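Visitor: Sequence:
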Amino acid sequence: MAKKLSRHAFTTFWSVHAWAGVIGGLLLYVMFLSGGITLFRRQLAVWEEPLTQQRSSVEQVGLQATLDEGLAAAGTMPEELWFDVPEGGLGAARLLYYSQGEAVTAWVHEGLVPERERLSDFLYDLHYLWHRATGVWLFYVAGLLCVALLLALATGVLIHLKDIVRQFHQFRPDKTRRVLWSDMHKVLGVIGLPFQLLYAYTGAFIVFLGVLVGVFTGPVFGGDAARADLSAWGASFADEPARGTPARGLTLDELMARARAAEPRLVPERLRISHLGLDSGTVDIRGSLEGAPFTRGSVRMRLRAIDGAVLSLDAPGAEGARSDAFRWIYGLHYADFGGATLRILFFVLALATCATILTGNWIWLARREARQERLGNRLLARLTVGFGAGTVVATAALFLVSRAFPFDWGGRGAAEEMTFLGVLVLCIAWALAARDGGRLWSRQLGLAGLLLLPVPALAARWSGAGLFGAGPKLGAVVAVDVALLLAAAALCASAWALRRATSRPEARLLMARRAPPSLAHGGAGLVARRQTASHG
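Residues in the sequence shown are numbered from 57 upward in steps of one, following our numbering.
Don't read these hints as lab results, they were simulated from the structure.
Keep in mind it's a predicted model, so treat the numbers as computed, not measured.
Some hints could be false.
Unchecked claim - Distance ranges between label pairs, derived from CB positions:
1) Thr-301 x Val-481: 52 to 58 Å
2) Ala-129 x Val-538: 35 to 41 Å
3) Lys-60 x Leu-514: 54 to 60 Å
4) Val-267 x Glu-296: 20 to 26 Å
5) Glu-115 x Leu-254: 33 to 39 Å
6) Thr-558 x Glu-166: 51 to 57 Å
7) Leu-488 x Val-404: 26 to 32 Å
Built from N, CA and C at the ideal position, the CB exists for glycine as well.
Could you put the whole structure together from the sequences, leaning on the hints where they help?
Guide: In structure tokens form, the structure reads like this:
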């Protein structure tokens, strides 16, 4: 039996647990919700872009011919470019380069087709709070939030350790709302504890490892970035050769043959090509190893373009390769194992974590029920609804406009991102202004379900491979359509159930008496509560 904490230790740990959760909870909610969706990023990337649903021509014409086609259409020879190789024989190759200071991303398909859709990339970036407009500082905020989550989890375990077995299964929905929220918070927290620890630790590791290497580069390695890389990663890609003179090098297909000779299991995913056509040219190949777990995107090899010599290799089993622990951290975080079944389980656990965060806020507010007139408590109550339901509405709106906007419209990517942000801001404003806070959840979740409902049918406008398309079906596309329909049905059913529960007279009376006024009825709830007290 676990030893009971002293009153001082319990109070201290509870305060740390509560404050860490409240301060970072809403942003962590957004990170876990968007992160749960991006567990299926590969399927979403195929669903959103019809060019990825076609049989790739790269296998027939070769890598070099595909690159030449793209560069001829671009009309430029960038000093550095990235070349994405189609995965699984499906889709078009993709070029990424800078032209006059502007980033260009385009598919190689009968010339160049500018990238038209960023839904999957936007949600992926959102899960670690990254956007090109805000730069890297929000990315570091995401890392700090992961550290705060670790602190909240550690203190939560300490304050509940003696009762943790009972809290694994104790759920009393027939009790008061405060008891219901408390039970939900504890049950979902205990069930999801390994998942939450995994993502909090690996997330903080991924964000701050590069920072730590940079910090120690000066005092430990005398400012030598290459030596620091060798120590941290086992291979260095820091040294860039100076620009050389024109020279004829090997083709990409010949270089790929040299790479596979050095590592026969290599599955290329992305090529970084520098100084193309010069004797200083290099090609960095990033990929995975066929049949090896936790290697997706983590194998890196640098070849000299002029003769195919291997300049650097970072792969499992190679001399000086980084530790397997590093690959495991990335592989676990990105669910690079277990297939679709594990990703579905992780998605459910991500939703459970979102519910744990929200119920934590409600418990915080319930404990301060007597001080609900304070602006901070009222604001937190409304922001919990605005972010909680609003992020779901904004995500649904993002999916809707991604299929509704003209597909070849150059501004669709920015318009989609502004739609997400605008809808989220409107939902938060709605939550702040609404008189009846208790019904906001049902209304906003119902709205999200209605926005998602037509998306699979609209997707048939651009692709015949989906559930309602007229062409040959593709498993990834059909799966996303089905998932969207199921999500729409679940949201509408949840909204109906919540509306029915809050519309019953006894439920509304119970809410007025026991729920925090700013959660139940806004300012009117506080007035009603005082009137009830004054009349006995």
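Visitor: Each hint: holds or not?
Guide: Evaluation of the provided hints:
1. Thr-301 x Val-481: 52 to 58 Å: holds, 54 Å
2. Ala-129 x Val-538: 35 to 41 Å: holds, 36 Å
3. Lys-60 x Leu-514: 54 to 60 Å: holds, 58 Å
4. Val-267 x Glu-296: 20 to 26 Å: holds, 22 Å
5. Glu-115 x Leu-254: 33 to 39 Å: holds, 37 Å
6. Thr-558 x Glu-166: 51 to 57 Å: With Cβ atoms ~56 Å apart, the hint holds.
7. Leu-488 x Val-404: 26 to 32 Å: At roughly 31 Å between Cβ atoms, Val-404 and Leu-488 fall inside 26 to 32 Å, so the hint holds.
Violation of the numbered hints given earlier is absent; every hint is satisfied by the structure.
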